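Colleague: If you want the building blocks of each chain, they are given just below.
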Amino acid sequence: MIHLLLFGLLAGQAVASDAAAEHLRAGLEARKQHQVDVEIAEFRKATELDPGLADAFVNLGAAYMEKHDYGSAINPLKRALELSPDLPVAHQYLGYALLAQGYAAEAIPHLERVGAQDALGIAQIETGQLSEAVANFNAALAQRPDDPDLLYYLGHASGLLSKSAIDMLIAAHPDSARAHQALAENYFVLRQMPQAEKEYQEALRLRPELPGLHLELGKVYANSAQWPKAEAEFRAETKLRPGNAEAAYRLGAALLQQGKATEALEELKRANDRKPDMPETLYSLGKAASLSGDAQTAEKVWTRVIELEKETSLAAQAHFGLAALYRKQGKVQQTRHEMQEFQRLQSTIGPPRSE
Amino acid sequence: MCDELLLCISLYVGLTGLEFVLACFCASERSEQGSDTRRATHGMFRRYTRRDFLSVAALAAATPIFEVKPLRGIDFILQNSPTPHKYLIETMPGGAALFDYNNDGLLDIFLVNGGKIGNSLHVPESFDRATPRYWNRLYRQNHDGSFTDVTEVAGLAHAGNGNYGMGVAVGDYDNDGYSDLYVTSYGKNILYHNNGDGTFTDVTAKAGVAGGGWSVSAGFFDFDNDGHLDLFVTRYMEWDADHNKICGGDWHTYCPPGAFPPTTCLLYRNRGDGTFEDVSERSGIAAKKGRALGVAFADYDGDGFTDIFVSNDGMQQYLFHNNGDGTFKECALESGAALTSDGKGLSGMGTVFQDYDNDGRPDVLVTVLPRELYGLYHNDGAGLFSYQSLETGLGALTSGSSGWGVGLEDFDNDGWKDLFVAQSHVLDNVQQIDASLHYKELPLLALNRSGRFERADSGVTAPLAARGAAFGDINNDGWMDVLITTLGGPPVLLLNRGGSQHWLSITLRGTRSNRDGYGAIVRVNGQTRTATSAGSYVCANDKRLHFGLGSAAKAAVEILWPSGAKQVLKDVRADQFLEVREPEGS
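Those protein sequences? They're chains A and B, same order as listed. Residue numbers for the first sequence, in my numbering: -6 to 348. Residue numbers for the second sequence, in my numbering: 3 to 588.
Isolated chain A (complex conformation) (with noise of 0.2 Å):
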């Protein structure tokens, strides 16, 4: 990788030494050859001859990392630099070299100089350097933003520090409710529902007024397929926070859940007008419009459903739903048709899956 590319600027530095010189060539040529341990005798030989040959150090250190034997890479790559402390590739090298053998504290300023961002938010990672980690994580995404290993360092990263702030505030408050809610939001995560149940409570009657809670109990039960007390939760977090999108969808959905169409098609079309086009309020937009009889209404959305989200299974629902409408008023090739578009989708991208 980046040390293939230092090869060939090493190659042109002058050498101290015809002997030294000679060795290092030939150490070069066998890099050409992908043969690694010449290669590791060649350079050896020449910092033998001229032990001041930086550039042969780094080469040598350069090998040991082909190889995968970071430990030895450190020792000549450390000499490169006493001989050559501004030689950059020798930082980048000697940074993952530690790095690779768990001596991060010790990798960091090298990575630094060299402005390694990924390897540095790895070692910051494990020095607990959570905040930089990840905002290096950030820059090296800017430069490839779909590096899978970068993707999931930062998401690594962010857990960490996530985990690691809520720990600090247990610690701290543990009886605030924002104590109370992050511990509920962890069962939650957990599936353990009644624990959730509890600590949002708690939280609630610490800061009622606090923006999120109610919505998040409102999930609580409706995991627990608790129905009419997620619908009074959702309830009340819209009263809280009348502009908020979510609240109002998922109070929709907890209506419509429950048989009660014309109220969630109002909170759904509410929540659709706070944060148009999403997918999942228009779909359930569509269902709340097609159990009132608002065939009109449930063929629009259903419609652009499938325009916003074209080939997903969301779109097969879509399809499936309009096929039901088209059905119930006797459109033979409409629903023909929406019903041969569903059952493409499910060829290729599998069956809707049940909750």
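Result set (DSS-like, lysine-lysine): computed pairs, CA atoms no more than 30 Å apart in a straight line:
no., chain 1, residue 1, chain 2, residue 2
1, A, K268, B, K346
2, A, K212, B, K346
3, B, K442, A, K191
4, B, K442, A, K222
5, B, K88, B, K291
6, B, K331, A, K321
7, A, K222, B, K346
8, B, K442, B, K71
9, B, K331, A, K324
10, A, K321, B, K346
11, A, K324, B, K346
12, B, K291, A, K321
13, A, K321, B, K290
14, B, K442, A, K212
15, B, K118, B, K190
16, B, K346, A, K262
17, B, K346, B, K291
18, B, K346, A, K303
19, A, K324, B, K290
20, B, K346, A, K293
Please keep in mind that the hints were generated in silico from the structure rather than gathered at the bench. Treat the numbers as computed from the prediction; the structure is a model and nothing was measured.
Let chain A serve as the given structure and place chain B on it in line with the hints.
Modeller: Chain B alone, transformed into the frame defined by chain A:
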């Protein structure tokens, strides 16, 4: 409701007996449907019958419709034999039948047992069905409401060591006037001919209906209207002990159905000579592989031929339209009865095919797992269905529960069929995996309020690992009762406390049609029932057709027999068991 009524209720606690004298000062307020009739008897002693009193109590909404009643004389424990190997068959039995095998007018109880599963099961499996604790059992009802175990005398003791019991179907396949039994199993199924003298004979080999594989629910019906009951058998999947799988990682659970290959259902045509012909292939039934658990029958499109609804687990449901020429066409998807309104498959388990909204057309209800809703497919006419679980209130009632046996019966006799579901999760350790779910659950009783269901107290207070639910009027009081089977436990009888509403119970006596009249469409005061003992899950129901009449003291009865004969009875007195014989002329 009068305040004094509470005093009456408190006085009733602890009293038993069919009739008693209750002396209490209170106003009796009797509400009658559609009427303002009220009577007050302030300040007098009045002689109350138990029925009178209980009707008022039921209206107080404090008293559940059912009372959990000990089954005197029944010592049955459903031996499903759960093991650490999580053999999938362990969590699926077992059936119950409510039927009058000796024609004494009282419903008897047949219970299907699982079998013994040893530490390690291998093909060919053996379930030790010769040992009495693993027998299926027949209990004859005595006139005092107790039961006597007549299994051995009746010749039903040993169900074959290779057969792990699942379900039961009841029908008079030879039209001799005595109800016969068909017992399904993992292994071979057994047809027991009722000899009419209190004994049964295993006629499986002669009849040719042993099947094989993993059969679950079954039902008798007459698909070709030739007057002889045919037989449909659901089969779950291709499974055997050597190909069992365990799922859930560290949780160690039963695997979902998709982990095993699907299989076909079986259809046997009754030749009328005591033998059956396997027409699964020829009829088109075997063209569709599925993971079938439940089956129910009704003529959904009014073409005079009985159709079949099959509940499949973890996939689309099947609706086999009877073409009338001995073949069927699976048409659930195009009819709108295959998936949820979101286009999702269902974990279909039990099913019932009756008219819940009194529009004269049979609707379909399918019980499923949590995170889904029990699927209610409303029959819109013209062969089309629409998914109406949300509209009918089932969204709020059922999304957290697992349903098995299911019935649409009028438990409060108000003229609307109510919903009862035996509930329990498939996985015995589900609560460890998801604390919001429970293995044992209370049954669901939902009263039908003009087409919308509302939860009511079933009277069961301890959660059950319920599977089957059979429906019938066990004590012949005109009020529908329920028998539930439970894994590793005894059957549970829910006896209807009764009330003041009127009722009518009709027994069909086919002459040109099959003798049981299965497939007949019976309309009473605006309600419609299809005559069948099938439906639910692995169970056979009382074949008598029960109608709640509300305040109506008379009924208009219309019967459309499978033969095509139409019979009308006017001004039929309410509160009676009525046998109707099919006219023999054309």
